[in-house]
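With chain A fixed as given, assemble chain B onto it according to the hints.
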Amino acid sequence: MYRVSRRLSVPVFVLAVLVAAATAHAHHSFIGKYDGKRLVSVSGTITSLSYGNPHVFFNVRAAGKGTWRIETESISRSKSKGLRKQDLAPGTKVTVRGWPAKNGAARMGLQSITLPGGRTVFVRSSAR
Amino acid sequence: MDFWKALAATSLAGWVKSSDWAYPLLETAHLIGLGLLFGSIVMMDLRLLGLSRVLPIGPLGRHLLPWAWTGFAINLVSGALLFISDAPEFAANSAFRVKVVLIALAGLNVLLFHRGAYRRAVEADPGQRPRAASLVAGTLSILIWVGVIAAGRMIAYVE
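Residue numbers (our numbering), protein chains in the order written: chain A, 163 to 290; chain B, 32 to 190.
Everything labelled a hint here was simulated from the structure, so no lab data went into it. Keep in mind that the hints are not guaranteed to be accurate.
[Claimed, not checked] Under the rule of at most 27 Å between Cα atoms (straight-line distance), these lysine-lysine pairs were calculated in the BS3-like manner: (1) K48(B) / K243(A); (2) K48(B) / K255(A); (3) K227(A) / K247(A); (4) K48(B) / K241(A); (5) K36(B) / K247(A); (6) K255(A) / K241(A); (7) K247(A) / K48(B); (8) K227(A) / K199(A); (9) K264(A) / K199(A).
[As the list claims (entries may be wrong)] One side only, chain B facing chain A, incomplete, derived with CB under 8 Å: (10) K48; (11) S49; (12) Y54; (13) E154; (14) A187; (15) Y188; (16) V189.
Glycine included, each C-beta is placed from N, C-alpha and C at the ideal position.
Chain B with its partners taken away, still in its complex shape:
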């Protein structure tokens, strides 16, 4: 599409592509962001699934979720910069498309879970067994984010 071509023709995109170090440094940032995002999300999910029930969900979430958002922000920026360097190629790449859909699904999962079920999980006493909604949301979250990582890695291997 012409829009992607125009994006790749910007001087910013040209810099990402033609600088010796921009691309590897952005990849480094993308991995740091991924570590923060995936690590904090999985730790939260495992708690929702009922592991380490001595830890109250509310304070745990207040510690972990800001780091998840920090990781997400780092990866949105670094990912966007990597994307524009070769926008038409990425936009047409099947693994990249799968990755975007999976990120949207992960967002939807968070959105649905936070409409009530999360508050009820927070209000439950420490030690209590997880509710069904927590089990579903936690399992889906882990599966989807593993899928996001696998799809992201596959961008280099498929067309």
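Only chain A is shown next, with the shape it has when bound in the complex:
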């Protein structure tokens, strides 16, 4: 019994460290994809919306900056922050601020959004 337990303890310990290292790295998937140290701002028109779980996505086409893919929260969180489906309908002119993709693609994790009429919704305070 003792011999087996000791033989087991090494791989179990190594595994525990690996799992801890993999999960401690990030609390939320945003930090894996987006650069939490930089903020960018894009103004343009929403061209498409996927109001779905686990995260809501929409595209914003900006003059001279191309089309950006914006990722934000789940349906229920988006609603509770005040971002309903009709607020993000295609054709809506918005300004989005967020953390750009680490790989340089035109994508961002949404920090805040200003809607027509000037209403600004802060969705999250950090990419972590």
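For chain B alone, coordinates are given in the frame of chain A:
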């Protein structure tokens, strides 16, 4: 691939994605299934590795393995529903691909072990030291299933 796109375009996939509660409820089911599957498998593996040798392997397996299969079934269904909601994305995700390969390896490990070695382990008297095949199968099983869980969790963090 077009097949994944077509799958994600079905009304069932649309419901999983656009319903407020389908996705979190399916995730809950997936965690319950995981608890049953991983818990019962690891308990079996630890016995195969020689812990708690007073417990006879046969009756222990008859108690634990149906629960492992129950957990597997829950996760196959809940996982398939979560998958179709964004099929092209999941299919292309590197962590998801690793997860699928690891599940296949876990299945292969079970298949090979149950071709004889498991019966011999069952027939061994309680208290006996584990045979090499049991040690290998038990260790591989734990390693692979930890890998499945880690890869599954990493789906949200990699592309």
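Hint check results:
| no. | hint | verdict |
| --- | --- | --- |
| 1 | K48(B) / K243(A) | holds (19 Å) |
| 2 | K48(B) / K255(A) | holds (25 Å) |
| 3 | K227(A) / K247(A) | holds (25 Å) |
| 4 | K48(B) / K241(A) | holds (15 Å) |
| 5 | K36(B) / K247(A) | holds (23 Å) |
| 6 | K255(A) / K241(A) | holds (19 Å) |
| 7 | K247(A) / K48(B) | holds (14 Å) |
| 8 | K227(A) / K199(A) | holds (21 Å) |
| 9 | K264(A) / K199(A) | holds (10 Å) |
| 10 | K48 | holds (4 Å) |
| 11 | S49 | holds (5 Å) |
| 12 | Y54 | holds (4 Å) |
| 13 | E154 | violated (20 Å) |
| 14 | A187 | holds (4 Å) |
| 15 | Y188 | holds (4 Å) |
| 16 | V189 | holds (7 Å) |
Checked against the numbered hints listed earlier, the structure breaks hint 13 alone; every other hint is satisfied.
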